[in-house]
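Q: Here the protein sequences line up with chains W and A, keeping their order. Read in order, the letters of the first sequence correspond to residues 594 to 914 in the working numbering. Read in order, the letters of the second sequence correspond to residues 928 to 1484 in the working numbering.
Be careful, since some hints might not be right.
With a straight-line Cα cutoff of 20 Å, these simulated DMTMM-like cross-link-like pairs (lysine to aspartate or glutamate) come out [stated by the list, open to error]:
hint: 1; chain 1: A; residue 1: K1219; chain 2: A; residue 2: E1380
hint: 2; chain 1: W; residue 1: K647; chain 2: W; residue 2: E658
hint: 3; chain 1: A; residue 1: K1414; chain 2: A; residue 2: D1426
hint: 4; chain 1: A; residue 1: K1167; chain 2: A; residue 2: E1154
hint: 5; chain 1: A; residue 1: K1364; chain 2: W; residue 2: D626
hint: 6; chain 1: A; residue 1: K1057; chain 2: A; residue 2: D1116
hint: 7; chain 1: A; residue 1: K1481; chain 2: A; residue 2: D993
hint: 8; chain 1: A; residue 1: K1035; chain 2: A; residue 2: E1005
hint: 9; chain 1: A; residue 1: K1483; chain 2: A; residue 2: E1462
hint: 10; chain 1: A; residue 1: K1208; chain 2: W; residue 2: E753
hint: 11; chain 1: W; residue 1: K647; chain 2: A; residue 2: D1116
hint: 12; chain 1: W; residue 1: K647; chain 2: A; residue 2: D1067
hint: 13; chain 1: A; residue 1: K1368; chain 2: A; residue 2: E1352
hint: 14; chain 1: W; residue 1: K647; chain 2: A; residue 2: E1395
hint: 15; chain 1: A; residue 1: K1483; chain 2: A; residue 2: E956
hint: 16; chain 1: A; residue 1: K1434; chain 2: A; residue 2: E1380
hint: 17; chain 1: W; residue 1: K647; chain 2: A; residue 2: D1360
hint: 18; chain 1: A; residue 1: K1163; chain 2: A; residue 2: D955
By construction, these hints were calculated from the structure, which means they are not laboratory data.
Each chain, written out:
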Amino acid sequence: MTRFLASRLLQALVVLLLMSFVITVLMTLMPGDPVDMMLAGNPRATPADAARLKALYGLDKPLLERYGHWLQAALTGDFGFSRLYAQPVLTILLPRLGNTLLLLGAAMALTLSVALPLGVYAARRPYGWADNAINLFCFAGISVPAFWLALLLILLFAVELQWLPASGLGPVGGESWWERLPYLVLPVASLTLASIGGYTRYVRAAMMGELRQDYVRTARAKGLEEGRVVWRHALRNATIPIVTIVALEFGALFSGALVTETMFAWPGMGKLIYDSIMGNDLNVALVALLFATLTTLAGNLLADAAYAGLDPRISFKGDGA
Amino acid sequence: MRTGLAAFTLAAALAAAPIATPALAAKDELVIGMTQFPSNWHPSMEAMMAKSYVLSMARRPFTAYDPDWRLTCLLCTELPALDKGTAEYETRADGKKGIKVTYTINPKATWGDGTPVTTEDVLFTWTVGKHPQSGYSNFDLFARDIVAIDAKDERTFTIHRDKAVCSYAEINDFEILPAHLERAVFEADPATYRNRSKYETDTTNPGLWFGPYRIAQVEPGSHVVLESNPTWWGAKPAFKRVIVKSIENTAALEANLLAGQVDMVPGETGLPLDQVLAFEKRHGSRYNVFYKPGLFFEHVELNLDNPALADLRVRRALLHAIDREAISKQLYDGRQPVAHNEISPLDRVHAPGYPTYAFDPALAGKLLDEAGWSERRAGVRHNAKGERLSLEIMTTAGNRSREVLQQVLQAQWRQAGVEVRIVNEPARVLFGDTLEKRRFKSMALFAWISAPENIPRTILHSSMIPTEGNNWAGQNYTGYRNPEMDKVLEDLEHVCEPDANRALWAKLQTLYAQDLPNLPLFFRADPFILPSWLEGVVPTGHLDSSTLWIETWKAKE
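Work out the full structure: start from the sequences and follow the hints.
A: Okay, structure coming up:
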């Protein structure tokens, strides 16, 4: 187990190192460097001004040197300042990370808690009216564009019924979670409705496969009660592919949902990454994207650990070959 | 596409829906919704419309253009003038003619913590602005235009300018800083000042602000709360609190307005014109919707290195071939006036009498024939060499209004036998690279924004053509060269005698209209949506925000 973890950690470090370099190169290749963009609105700026600002922001140095400086500082925990926000990168990033985790974590928890029973129910009664109704609901959720669904929810619940706030993090001056809760409802509902369909379909497909297995037939023949067969035996095996999908989505928990964040004016990671890339704010884009990479890797590691828990045949030990 | 579907959904869903009455209850609070959020708070780092809009409630520049487009004093007591003796020509040490101008700070002006605004703040601001490591983007004002500042006393100071320019009284961009709070931060390390300034680290410090309001709370990316400033020396503002919410998606912003969670949407950084036109048709009776044509000059930039466009007859034909009046009526409900020149008719220096180009397809065809594009094959004109009259038009991808306009132009030019292909790019690429390095092949549709009485030197002077040699400085993307225009632009800066100055402005507009370095289309109108209970909001139509006069805003009795 220790060897496995050490190996995965080493792999993660290599991936992060490569990603940091690739992101730096790609951001540098994008048209319009930060100083060009800054001076675009100032026609009286001279070449000397451009050179002065490029030196000030370290943009006059070769790419490798700039990357080396960043890496050296990053290893000491200094991720630099945001050019756009004039703040330390982590000061910008951490509150948005919290907002995104709250939004996407709540949406994922709600999605899984609805999709699992729905998928299992549909798998146990395939092609019946209930399965067809669930499938219809799933395909509707998958097909509806996120921004459109968000807008419909705002129109219904904020404009017409006036039950819920249309957007924002919370009331001005309202700090308690109770005051902020209503602001979470519509964005979470929007994300959940859009993703329930996919998860329900995955669960249904995995469960239908498991319910046809010999061990399920044997368990039923032995007189095991149906609930135990389904929830304890079949679902446990069906969960393995679901865990893979959840693990892949894990990174998205930290990289945000741009469309939903924009529609509900929810300042999260998706919007931050988008703005930092469009605004050529290299430090913020770099750290935010590395964070998303890191969490995706962590999600996959957790998935591997979960496989071993769910299926005793999977082991972290070498096979001796 | 997404925006289009969103707008359609909004229109369809709300066409007959009962709409919430805009918030009438809390009239001591005003909630403003806009589509941007200021990325930082230092008044002189990175110009941004949303920041300017918010900071105009909490600060005041020395001078600004008022809603009638006249220069006025806001922090000073009186505009300097030659006839009053507060402006005076002088000879600089290098023998050149300069000018010194004297301002007096309003004697009642104090920072939000009670510290008086003094000449010490002025001198400190100049020190920061001209420091090569401060990161100021308007470095040229502090380091080149201003050669010295003398403090006469605590409130009076004289600025020595390097040139005897006619606009000597204007110091709109001299954003004063509180020396008592910022000096220590700046002197500790000028190179990192931009990141350590109290404007970024302690934004709600009352001592940073001196407008009718001060920033009391910032939720980055979401909202900013401004509370009335007890040390404000002017008329007391009517609202105790102003909340500025950022909702980037325009359909969501409109929904917030209808839900009563936002009271007003300003024209400066609010909803696009087409969306407001549709909104007005459905809900106009419940709101006060108005449009202010301004200084956003929508035009088609031409690359004069393109052989076809280098021919003046082709440029004139292109303008005669499009029906701008009909486009304005159809697309903008007539709210966006047709531009015939770079200078807005609302500008004091506008001088009618220059040539204009009405919609005249026959004349357009004649001009193209004369230019050698006389043979039509499959509807497209060809010249004697068999070359097609084929051009490209670029604009910012995703800007729905411009994309629609682009398609209409393409269709009208097609009628005249000109093939136009649409090649759009994201704003960042178009402005960050393609235009700046003059990589557009023939035409680009975008807008210039300027100040009233702005001399368009950077756009029309031949020395302002971006090249690798000048590090792509300048905005004469067309590559326009006319020695006569160069001379007019240079003279306009220092020939200040009213009649002579007026004649120069008239000549500039005539030369522009004769040469057509670009194709003028419209002056963009800023649409404002205000609740019917709000009064006193006067849009400016230029870069100085309407919030500079927020103390006149109030709820109707």
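Q: Given the hint that K1163 of chain A pairs with D955 of chain A, test it: the Cα-Cα distance must not exceed 20 Å.
A: Given that 20 Å is the threshold and the Cα spacing comes to 13 Å, the pair holds.
Q: With the threshold set at 20 Å, check whether the alpha-carbon distance from K1481 of chain A to D993 of chain A stays at or below it.
A: holds, 19 Å
Q: Within a Cα-Cα threshold of 20 Å, do K647 of chain W and D1360 of chain A meet the stated pairing?
A: Given that 20 Å is the threshold and the Cα spacing comes to 17 Å, the pair holds.
Q: Can you confirm whether the C-alpha distance between K1208 of chain A and E753 of chain W stays at or below 20 Å?
A: holds, 19 Å
Q: Check the hint pairing K1219 of chain A with E1380 of chain A against an upper bound of 20 Å on the C-alpha distance.
A: Roughly 18 Å separates the two Cα atoms, so the pair holds.
Q: Does K1364 of chain A pair with D626 of chain W here, judged by a C-alpha cut-off of 20 Å?
A: holds, 13 Å
Q: Between the alpha carbons of K1167 of chain A and E1154 of chain A, is the straight-line distance 20 Å or under?
A: holds, 6 Å
Q: Hey, K1483 of chain A versus E1462 of chain A, does the alpha-carbon distance stay inside 20 Å?
A: holds, 6 Å
Q: Within 20 Å, alpha carbon to alpha carbon, are K647 of chain W and D1116 of chain A?
A: holds, 18 Å
Q: Could you grab the alpha-carbon distance between K647 of chain W and E658 of chain W and see if it respects the 20 Å cut-off?
A: holds, 14 Å
Q: If you draw a straight line from the CA of K647 of chain W to the CA of D1067 of chain A, is it 20 Å or shorter?
A: Measuring from Cα to Cα gives roughly 16 Å; hence the hint holds.
Q: Has the given pair, K1434 of chain A with E1380 of chain A, been kept, meaning a C-alpha gap of at most 20 Å?
A: holds, 14 Å
In this structure, every one of the numbered hints holds.
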